[in-house]
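Student: Sequence:
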Amino acid sequence: MEKRLKQSLGIDVSKLNLSLSLGFLSERLVKEFKSHADVSNDVSGYKELLKWLSKSVDSNVELLVVMEATGVYHQGIAHYLHKQGYAVCIMQSGRVKRYAQSLDQRSKTDALDSKMLSMLGLERSIRLWRPPSKELQQLKALSRERSSLLKDRTIENNRQGAIESSVYINSKALKRHKNRLKLFNSQIELIEQEMQELTSKNEVLKRKIGFMTSIPGISYISAATVIGETLGFESIVNAKQLTSYAGYDVVLRESGNFKGKTRISKKGNSHIRAALHMPSMTCVRCNPTLKQFYNRLKPKKAKPLVALVAVQRKLLILMYTLWKNEEVYDANFEIKKQQKHEALAARDNKLMTQLVS
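In full-length UniProt numbering, the protein residues as written are 1 to 357.
Certain hints may be false.
[Said to hold, decoys possible] Only pairs whose alpha carbons sit at most 30 Å apart, straight line, appear in this in silico DSS-like list of lysine-lysine:
1) K201 with K83
2) K314 with K140
3) K208 with K134
4) K178 with K151
5) K175 with K151
6) K201 with K140
7) K206 with K324
8) K206 with K134
9) K15 with K108
10) K140 with K97
11) K6 with K51
12) K97 with K314
13) K151 with K303
14) K51 with K15
15) K47 with K3
16) K15 with K34
17) K301 with K291
18) K314 with K266
19) K206 with K151
20) K51 with K83
21) K97 with K267
22) K266 with K208
23) K34 with K55
Because the hints were derived from the structure by calculation, they are not lab data.
Turn these sequences into a full structure, and let the hints guide you.
Tutor: Structure, rendered in structure tokens:
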């Protein structure tokens with residue numbers, strides 16, 4: 001039997017079922033695939049999957065399990081296989097979609113998707129997934145709940161405004177709307193208190209949030225939301241990946257004489273973008289570095305909102321940098337950086353002058 005270099009299990013996850021494809025890469029770089037009937041997305045299905053793997057996997061080669069992030073439905077199988085000792089990789093949907101496009105795969109079925117994920121594991125070098133801490137998972141759930149309540153509160157505020165502006169005002173309906181608004185406000189307040197209590201019990205989390213809130217304009221809630229949505233930047237390795245994850249990556253379309261407008265993709269985490277909208281407006285007023293950045297960009301843009309989005313992007317990268325380096329925000333950092341560059345340039349010019357003379 002020909003020696004195998006790699007093996008990868010692709011799992012296409014849905015709410016009820018898991019579609020499976022096991023791929024092997026031989027010494028001659030030939031791919032071979034085995035499929036299995038769909039199993040249920042619950043513990044009984046997970047046990048059936050393990051039984052099939054015990055018969056099908058090459059014990060001499062490590063198995064990589066590849067799946068796509070699908071809301072919450074992938075979490076059960078990911079945690080289960082990780083506990084069993086398997087190497088698990090959870091791919092963001094954007095990267096999976098681009099890979100599928102590179103294969104010119106026009107049809108879309110669960111079986112084809114699982115095979116494509118298996119092929120991705122065989123061909124690419126992929127960063128492994130690690131389960132986030134319980135605190136980070138709870139923080140994400142709380143920030144999502146708060147975000148949902150904020151949207152509902154806005155809807156109720158609009159409805160109340162419509163009722164109050166109506167010629168025929170229904171006092172009972174207006175009273176019910178006011179009671180609902182009170183309920184929304186009290187629940188939002190309770191969630192924010194719960195978020196505070198959760199992070200205050202974790203010294204590492206508490207300290208790192210402190211680094212992020214040292215930025216003028218960034219509140220605790222904004223920092224906690226970004227941390228929750230990125231699960232403590234667990235899967236982020238650089239600023240470029242972070243901006244893509246949040247949908248702040250810049251898209252430019254040009255072809256021949258056609259010159260499209262530059263815009264952000266918005267194909268990312270909308271919760272992060274929503275969390276940074278108000279802080280960015282505060283930052284352009286009270287943050288010296290970002291205020292200068294905004295004022296420099298604003299005249300060049302047709303709409304002020306475009307410059308504000310650029311501030312949000314810069315703000316997100318700044319938060320990530322402070323979290324990663326465990327540093328407090330320094331308002332004079334850009335000035336010091338520029339002075340350092342000027343000093344190095346002056347030194348280089350002096351050395352060149354000495355060499356020439």
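Student: Against the structure, test the hints numbered earlier, and report the numbers of the ones violated in rising order.
Tutor: Of the numbered hints given earlier, the structure breaks none, since each of them holds.
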